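Participant: With the hints as constraints, model all of the structure from the sequences given.
When we follow numbering that gives the first Met the number 0, the leftmost residue of the sequence shown carries the number 0, and every step to the right adds one.
Derived by calculation from the structure, the hints in this document are not laboratory data. Hints are not guaranteed to be accurate.
Said to hold, decoys possible - Only pairs whose alpha carbons sit at most 20 Å apart, straight line, appear in this in silico SDA-like list of lysine to any residue:
1. LYS26 with THR39
2. LYS26 with ALA92
3. LYS26 with GLU91
4. LYS26 with LEU119
5. LYS26 with SER36
6. LYS26 with ARG132
7. LYS26 with TRP94
8. LYS26 with ALA117
9. LYS26 with ARG16
10. LYS26 with GLU129
11. LYS26 with ASP37
12. LYS26 with HIS95
13. LYS26 with THR68
14. LYS26 with GLU93
15. LYS26 with GLU113
16. LYS26 with GLU41
17. LYS26 with ASP118
18. LYS26 with GLY40
Unchecked claim - Quick list of simulated restraints, FRET-style, between CB atoms:
19. GLY65 with GLN110: 25 to 35 Å
20. THR27 with ARG100: 18 to 28 Å
21. PRO80 with ARG60: 20 to 30 Å
22. ALA66 with LEU108: 31 to 41 Å
23. GLU33 with GLU53: 23 to 33 Å
24. GLN101 with THR31: 28 to 38 Å
25. ALA66 with PRO105: 29 to 39 Å
26. GLN81 with ASP159: 47 to 57 Å
27. SER64 with GLU93: 24 to 34 Å
28. THR23 with LEU77: 17 to 27 Å
29. GLU113 with ILE49: 26 to 36 Å
30. LEU104 with GLY18: 25 to 35 Å
31. GLU53 with ALA92: 29 to 39 Å
All values derive from a computational prediction rather than experimental measurement. Glycine is no exception: its CB is placed at the ideal position from the N, C-alpha and C atoms.
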Amino acid sequence: MSEASCHHQPLQAKRRRVGGLADTLRKTDAVTSELLSDVTGEACSRFRCIPRSEYSRRIERLIQSGAWTDAVLPLLELELPQWRIRRITYDEAEWHCALSRQRELPDWLDQSIEASHADLSLAILSAFVEVQRVSTLPAITSVPSVPRATIPLYAPMCCDNFA
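Facilitator: Right, dumping it as structure tokens:
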């Protein structure tokens, strides 16, 4: 892939693409090589831009062989190096996957990203895409910020009474 095609596109365009990809994953029953190709094309900038390394060739071989979960795990590691799988559970005919930046924190303190699906690979892939989607959202803080504007007529004044 050329250097020009590896440049980041505007955040809004990426947010739309990744949001559409999340919808596709929710509606999909099983992973296919075409689906993983769409995911790597839309949400995996590192995978597309790295030179043909042994690591990327390994992921491609796993995709070609249909080893979906085995392909998704190293893709997650490559694209989101700070994120790790915190929990994978199976409950009421669905797999639940939680990804976290800080697995060592207690569950109630951690801000993990969770997704679920009837297929294990799609649950992990859905959590991966959700992290990508959330990372493109603007940061919103709990404390409102005040724009820093200078007042041109500001003059310090002492108000103490020294009498």
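Participant: Would you list, in rising numerical order, the hints stated earlier that this structure does not obey?
Facilitator: none
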